Amino acid sequence: MAHAAPASRKVTRRRRTPDLFSPRTHALAKIAVPVVLGLVYGYWAAANRRDAGPITGWNLLFGFVTALVFAVLFAAVWEIAPRLRREAHALLWFAFTGCAIGFLYSQTGGSVLKSTGMGVVVGAGVFVTTFYRYYTHEDAAGRRID
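Heads up: the sequence shown is residues 763 to 908, going by my numbering.
What the hints contain is simulated information worked out from the structure, not anything from laboratory work. Incorrect hints may have been included.
[As the list claims (entries may be wrong)] Listed next, the in silico SDA-like pairs over lysine to any residue satisfying Cα-Cα at most 20 Å (straight line):
| id | residue 1 | residue 2 |
| --- | --- | --- |
| 1 | LYS876 | LEU822 |
| 2 | LYS876 | ALA886 |
| 3 | LYS792 | LEU830 |
| 4 | LYS876 | CYS861 |
| 5 | LYS792 | LEU835 |
| 6 | LYS792 | LEU846 |
| 7 | LYS792 | LEU782 |
| 8 | LYS792 | VAL834 |
| 9 | LYS876 | PHE865 |
| 10 | LYS792 | PHE858 |
| 11 | LYS876 | LEU830 |
| 12 | LYS876 | VAL888 |
| 13 | LYS792 | VAL802 |
| 14 | LYS792 | PHE865 |
| 15 | LYS792 | ILE842 |
| 16 | LYS792 | GLU841 |
Predicted model only: the values in this text are computed from it and were never measured.
Could you build all of it, start to finish, from the sequences and the hints given here?
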């Protein structure tokens, strides 16, 4: 005689990604990531500006000031952006990235329109990518969906 199989109870658990690093490592990364990215960005901007010419004191100063400004702005965006709704979150990264790329391109001697166009194109790509990421990983209020 055939018997019906017992109905299985579906247990739903919230999946959470494991946290591999300690709180101390996360705190250190909040400082190290903007500093390292700022130094890379400053070097890149200074290299674009000198156009394979000699390295001068003014070029070094320009690179370090650019690195400092970039690091401070990146840290501010990194801190503020997660508190915003997903649309504004993605828009803030669009504006930051677009301005950063436009400035880098302007250091090569390109026109203002071409620098603006490059910034808008790269920023639009960042906007689409970040908006998709936040749209699929957050609810409308901005809380993470795990």
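Status of each hint after checking the structure:
With a C-alpha separation of about 26 Å, the suggested pair LYS876 and LEU822 falls outside the 20 Å cut-off, and the hint is violated. For the proposed pair LYS876 and ALA886, the alpha carbon gap of about 15 Å is at most 20 Å, so the pair holds. Pair hint LYS792 plus LEU830 holds up; C-alpha atoms about 15 Å apart against a cutoff of 20 Å. Restraint check: the Cα-Cα separation between LYS876 and CYS861 comes to about 13 Å, which is no more than 20 Å; the hinted pair holds.
Restraint check for LYS792 and LEU835: satisfied, since their Cα atoms lie roughly 13 Å apart, inside the 20 Å limit. Annotation: proposed proximity of LYS792 to LEU846 holds, straight-line Cα distance about 19 Å (limit 20 Å). Pair hint LYS792 plus LEU782 holds up; C-alpha atoms about 16 Å apart against a cutoff of 20 Å. With a C-alpha separation of about 11 Å, the suggested pair LYS792 and VAL834 falls inside the 20 Å cut-off, and the hint holds.
Restraint check for LYS876 and PHE865: the C-alpha separation of about 11 Å stays at or below 20 Å, so the hint holds. Restraint check: the Cα-Cα separation between LYS792 and PHE858 comes to about 18 Å, which is no more than 20 Å; the hinted pair holds. This hinted pair does not check out: LYS876 and LEU830 have alpha carbons roughly 25 Å apart, beyond 20 Å. For the suggested pair LYS876 and VAL888, the alpha carbons sit about 18 Å apart, so the restraint of at most 20 Å is met.
Between LYS792 and VAL802 the CA atoms are separated by roughly 16 Å; this keeps the pair inside 20 Å, and the hint holds. About 24 Å separates the Cα atoms of LYS792 and PHE865, which puts this hinted pair outside 20 Å; it is violated. Using a Cα cut-off of 20 Å, the hinted pair LYS792 and ILE842 holds, with the two alpha carbons roughly 13 Å apart. Of the pairs offered as hints, the one joining LYS792 and GLU841 holds, with about 9 Å between alpha carbons and a cut-off of 20 Å not exceeded.
The structure is inconsistent with the numbered hints 1, 11, 14, although it conforms to all the rest.
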